[in-house]
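Peer 1: The residues making up each chain are set out below.
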Amino acid sequence: MIAIKNIKKGFGDRIVINDVDATFEPGKCNLIIGASGSGKTVLMKCMVGLLVPDSGDILYDGNEFISMNNEERKDIRKQIGMLFQGSALFDSLNVEKNVMFPLNMFTNDSHKKKLDRVNEVLERVQLKGANKKFPAELSGGMKKRVGIARAIVLNPKYLFCDEPNSGLDPQTSIVIDKLIQELTKEYKTTTIVNTHDMNSVMEIGDHIVYMHQGKKEWEGNNKEIIFSKNERLNEFIFASEFLRDAKDMRMLEETGKIPNERDMEEIVDKDAPPLIPPDQSK
Amino acid sequence: MDFLSKFGRYLLMIKGMFSKPENGKMYWKEFMHQCAEIGIGSLGIVVIISIFMGAVSALQTAYQLTTPIIPKETIAQIVRDTVILEFSPTLVCIVLAGVVGSKIASELGNMRVSEQIDALEIMGINTKTYLVLPKILASLVVIPMLVIISAVLGVWGGRLAGQFSGILSTTQYDRGLLENFMPYNVTFALIKAYTFAFLISSVSSFSGYYVEGGALEIGRASTKSVVASCILILFSDYLLAALLL
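Order-wise, the sequence lines are chains A and B. If you want the numbering used here, it's the 1-based position in the first sequence plus 717. If you want the numbering used here, it's the 1-based position in the second sequence plus 456.
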């Protein structure tokens, strides 16, 4: 479990994170959501120790991370896996060597054993046979999957994913989301995902923290978020017309009425072309 | 103030390099990789520059020594001493500041910008020890070797130029090389080579390691590291000459 208490972080006069508290439980996909510039990435960087918060505490299973010495921090970091926004694969190493890197650095296993583990995680992320490819030869989605494979190769207790869907098409995004969710359940990791992708929020958001201008505005899960009374959050999630309609449909399904008094005819666009062309539907 | 804060950061980077490696084998591998990158990667340019440097210096010395009172062997002596004392350590290191320095700065800068350094940090690896130290150590091993190779090739280049232009025979040249030879000159050249190797590798590592921004900043850092290394090489060249000769 990771807990953050009263985290504050600023750069010069600008306060980026302002008094944020949250608890992230193991076996759950914990999402930090918010618009660009809301402080999600800075908060995550504070949590993994890439940035030092100005005040507040970060607790890894009850152990204060900020006050730890270098050796204690290293021990915690060995239990952290992180997927970066740009995947952060080592350009000069092929997929196999990228994934094997943490094993080479931190284990004394035989090459065969390490290779078996690499193949196991590559198979897990559906990249079997891509061992000898270099990062430059991979698509965005493949790079993310190699990043995930490298992050999980040492069986981390804590998994951090910074915008795992950025730059990916919706289908690949779903694959990545599902993969993160499955790995979280399978390895019981404490997973924290930074995202502003509403598909991810609805798909995997077991626990969601909404950030606005460096402050925590709302906390809940993907079932509650759609009924949230927080105006800023509503503005954020219903920026897409599709989600507003989805909310109405859901309300209709659950309560028998639409909250904003729009009727179904308004929701379903009559002018939209039919999914199956009339001549083929016969 | 900006200079002082940068200098302080540079010293902290140097201090931060000295920590226990997580896995000695991986660090050794990285050190050997850097030796090959810096050494073999720069060998071609060093060979070409050195031969021509020696050849041109022989021809120009002969051009200036017009009086018949001075024996032809003096040309070989002048070529030998200028190549060993100045051309090989300083000129070659200035070229290496461009070749090796820009490579180190852009490699580290790219790793910083693409979050590869952050990825290593999160794995629990001291990136200063893993990324910067092997580059500095490899430079300290390889650059003095390149300087020695350069000195040998420079002197040989002078011999070739003398022979082909008919200025002096190879026997005269070889006799001149052995006259008034001071072994201390080689020691001085090596002291310079070690100093310049440390300056090139540490300054360019510093420029690349702390890059902020994107591709444009990587280019700027690379250029800055070359300019700073060259200025520091020339400044320390003067200082060493004043102190040690």
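Read the hints as simulated data drawn from the structure, not as lab findings. Among the clues, some could well be false.
Computed footprint of chain B on chain A, listed as stretches where at least three residues anywhere in the stretch have a Cβ under 8 angstroms from a Cβ of chain B [stated by the list, open to error]:
| hint | stretch |
| --- | --- |
| 1 | 770–782 |
| 2 | 803–813 |
In silico SDA-like cross-links for lysine to any residue, where the CA-CA straight-line distance does not exceed 20 angstroms [stated by the list, open to error]:
| hint | chain 1 | residue 1 | chain 2 | residue 2 |
| --- | --- | --- | --- | --- |
| 3 | A | 874 | A | 902 |
| 4 | A | 791 | B | 462 |
| 5 | B | 462 | A | 754 |
| 6 | A | 791 | B | 483 |
| 7 | A | 795 | B | 582 |
From the three backbone atoms N, C-alpha and C, an ideal C-beta is built for every residue, glycine too.
Peer 1: With reference to the structure, classify each hint as holding or not holding.
Peer 2: We went through each hint and held it up to the structure:
no., hint, result
1, 770–782, "violated (count 0)"
2, 803–813, "holds (count 5)"
3, 874/A <-> 902/A, "12 angstroms, holds"
4, 791/A <-> 462/B, "27 angstroms, violated"
5, 462/B <-> 754/A, "28 angstroms, violated"
6, 791/A <-> 483/B, "17 angstroms, holds"
7, 795/A <-> 582/B, "12 angstroms, holds"
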